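Listed below are the residues making up each chain.
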Amino acid sequence: MCDYVIELILLGGLVLSALWAVLSPRLLRSVLALALASIMVTLLLFRLRSPLAGVFELSVCAGLISAVFLSVISMTQPDTETSVNKENRERLRRYWYLPVILVLVGLALCRLELPNFPLAEEIGGSVRDVLWNVRQLDLLGQIVILLAGAFGVVVLFKEWRNER
Amino acid sequence: MLPLLVLAPLVGLIILNLPIKAFNRTLFAVVGLVLALGQIALVWANPPGFLELSSPGGLVLGLVEDNLARIMLVAIGMALAAAIVVGHETIKEESRQRSFINLILVSMMGMNGTVLLTDLFSLYVFIEITGVASFIMIALHRGKDAIEGAFKYLILSAVAGALMLLGVAFFLLTAGATDFSSVSGALAEGAPHPGIARVAMGVFICGLFVKGGMVPFHGWLPAAYSTAPSGVSVMLAGIATKVSGVYALIRVVRFVFAQDPAVSQILLILGILSIVVGALAALGQTDLKRMLAYSSISQVGYIILAVGCGTEVAMAGAVFHLFNHAVFKSLLFSNSAAVEQQLGTTDMDQMGGLGTKMPITSLTATIALLSTAGIPPLSGFWSKLIIVAALWHAGLHGYAVIAVLSSLLTLAYFLGMERRAFFGKVTPAVANVREANLVLLAPAVLLALVTIGLGLCFPYLAESFMVLGRDRLW
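Listed in order, the protein sequences are those of chains C and D.
When we follow our numbering, the leftmost residue of the first sequence carries the number 245, and every step to the right adds one.
When we follow our numbering, the leftmost residue of the second sequence carries the number 310, and every step to the right adds one.
This is chain C alone, in the form it adopts within the complex:
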């Protein structure tokens, strides 16, 4: 357990950031909390010796996705802080046990004797090689998902702003 102190701290930070993102009454602070959660994941990936995956996580999730969220927030009309706080209190009252269950499950899994799995490089080559040489069709698929997301922003938010 002592070998993983840094990882446990990062995991704790990740859970707290995620909770802040979900419970924050202000959308902007939620986005910042989400970006912080992505930074925690990035650091974890560096600790797990996947630096390229960490770089992608930082640039795409903490960077690009935050930018997309901010542009969408600029097109929405936020709820009043009073109504959001009221909803958050109700949500906490109903679902307080979920993070507790999550932590207990995590602690239970720590006690399992999991086998030693091979490192990523031993399985299928470097991240660079897999991404650019092996998974081209999946890259195309992910570009199409981003395109679909762009259509979603137009359909759900741009027209609404024009109507307002």
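These are calculated hints, taken from the structure and not from any lab test.
Any given hint might turn out to be false.
What the hints assert, rightly or not - For lysine to any residue, the following SDA-like pairs were computed, each having C-alpha atoms within a straight-line distance of at most 20 Å:
1. D:K453 - C:F401
2. D:K461 - C:L400
3. D:K401 - C:I317
4. D:K461 - C:D382
5. D:K461 - C:V266
6. D:K453 - C:R338
7. D:K461 - C:W376
8. D:K401 - C:L400
9. D:K453 - C:L342
10. D:K453 - C:G396
11. D:K461 - C:R338
12. D:K401 - C:L267
13. D:K461 - C:G393
14. D:K461 - C:E331
15. D:K461 - C:V378
16. D:K461 - C:L267
No experiment lies behind these values; they were computed from the predicted model shown.
Take the given structure of chain C and dock chain D to it, following the hints.
Relative to the frame of chain C, chain D by itself:
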């Protein structure tokens, strides 16, 4: 031809979004229709094939077009063609119609990729493409109920995606690769970590259950189907959930997990649960679209039951029922669109005597519901008969009896719908209603003819639905 089926919708998408003033809403619909119908023609005209795309990294990316994939590609073409026509007639705003067609092409690419690719991670990516497009289309009109329905679908879809990705990660660790042949080979030889392999199978299949809207993961489905615009309901109910959940389940359980006994048992139990729960829930509905949504859950249960049985005949029955379901559910939602357009509501308590005002809609709806209930000589009779016979022959007598009795439930809720909506005295709301226009009737009539034709010609077409043994190409 195989990569063309994945890339053609993308090319169509790019062309339609060029800044050309001539592109109006009708041209958008025509391009979408040409791609959908062209897909059917392309599959019909070419023999089955298997294509390997080699990459410098050594991974062989496979695109397979066996009998199962060909049946699905034809079903995708038909259901999307119906959805495009219904969408054109029911979505009048130009910008929204354009967005609808754009998203239809995105989901077409996602579904074609799901059907053709032979890699678990690619399967996940292309299922997600369909899911993202579907979620946005459900909320197309931005009504409160539609956004709630879309949000439910989004959350559960995200959970399903996370489960599938977790399964893929475990397979990568235990089998060393994620393509179908490597994973199935590793499972057949005995994976180095059998416990982890079992967990991987379990979580991956859970994800597919959520995507397919099977009991007990069906909570999102009635809200999504009933609140979506009509053209989107045709697409979702007709084909999207069938490809993302049911087809992927068949492909993975049979061809990758080699009909693992524990997985088969779970499928049998969940299949029978879906049949009964869906049918009982449909009985109590007053909204036409919600009733059709619960009916979908019930009919998918027959397919899952047959996949759980796993014999060659059962698999043929499962695939045939999957195709039939795509046809008659698209037909029923097209009818629902016609009724909603004329009446302004899908509340069955306000309908009554619609049969006299909308005779063609009523007739095609009757054909669809009789086929769903398994009445001969329509196509649904054959697929249900094959499934029940396969279950009985495999010694699963209890399941066979429940499946037959549930068909009576299906008949009950559909006859109830017919009596309330189409027969009986003309209600005040229906007094001034007229039949839908020819364009909106066209997909309903054509799908009804397919239902009748498949039923009458099934003895000559039975071979096309045999998906095991002979046509396995890798």
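Now the hints, each set against the structure:
1. As the CA atoms of K453 (chain D) and F401 (chain C) are separated by approximately 14 Å, the hinted pair is consistent with the 20 Å bound.
2. Our distance criterion of 20 Å between C-alpha atoms is met by K461 (chain D) and L400 (chain C), whose separation comes to about 16 Å.
3. Taking the CA atoms of K401 (chain D) and I317 (chain C), the gap is near 28 Å; set against the 20 Å cutoff, the hint is violated.
4. As the CA atoms of K461 (chain D) and D382 (chain C) are separated by approximately 26 Å, the hinted pair breaks the 20 Å bound.
5. For the suggested pair K461 (chain D) and V266 (chain C), the alpha carbons sit about 16 Å apart, so the restraint of at most 20 Å is met.
6. Taking the CA atoms of K453 (chain D) and R338 (chain C), the gap is about 23 Å. The hint is violated against a cut of 20 Å.
7. In summary, the hint linking K461 (chain D) to W376 (chain C) is not supported, as the alpha carbons are separated by about 35 Å, beyond the 20 Å threshold.
8. For the hint pairing K401 (chain D) with L400 (chain C), the CA-to-CA distance comes to about 17 Å; that is within 20 Å, so the pair holds.
9. A hinted pair counts as satisfied when its Cα atoms are at most 20 Å apart, and K453 (chain D) with L342 (chain C) does not qualify at roughly 28 Å.
10. Distance hint between K453 (chain D) and G396 (chain C) is fulfilled; the C-alpha atoms sit about 16 Å from each other, no more than 20 Å.
11. Between K461 (chain D) and R338 (chain C) the alpha-carbon distance is near 18 Å, which keeps this suggested pair within the 20 Å criterion.
12. About 39 Å separates the Cα atoms of K401 (chain D) and L267 (chain C), which puts this hinted pair outside 20 Å; it is violated.
13. Restraint check for K461 (chain D) and G393 (chain C): the C-alpha separation of about 17 Å stays at or below 20 Å, so the hint holds.
14. Restraint check for K461 (chain D) and E331 (chain C): the C-alpha separation of about 18 Å stays at or below 20 Å, so the hint holds.
15. Note on K461 (chain D) and V378 (chain C): the hinted pairing is violated, with a Cα-Cα distance of about 35 Å set against a maximum of 20 Å.
16. Among the hinted pairs, K461 (chain D) with L267 (chain C) is consistent with the structure: their alpha-carbon atoms are about 19 Å apart, no more than 20 Å.
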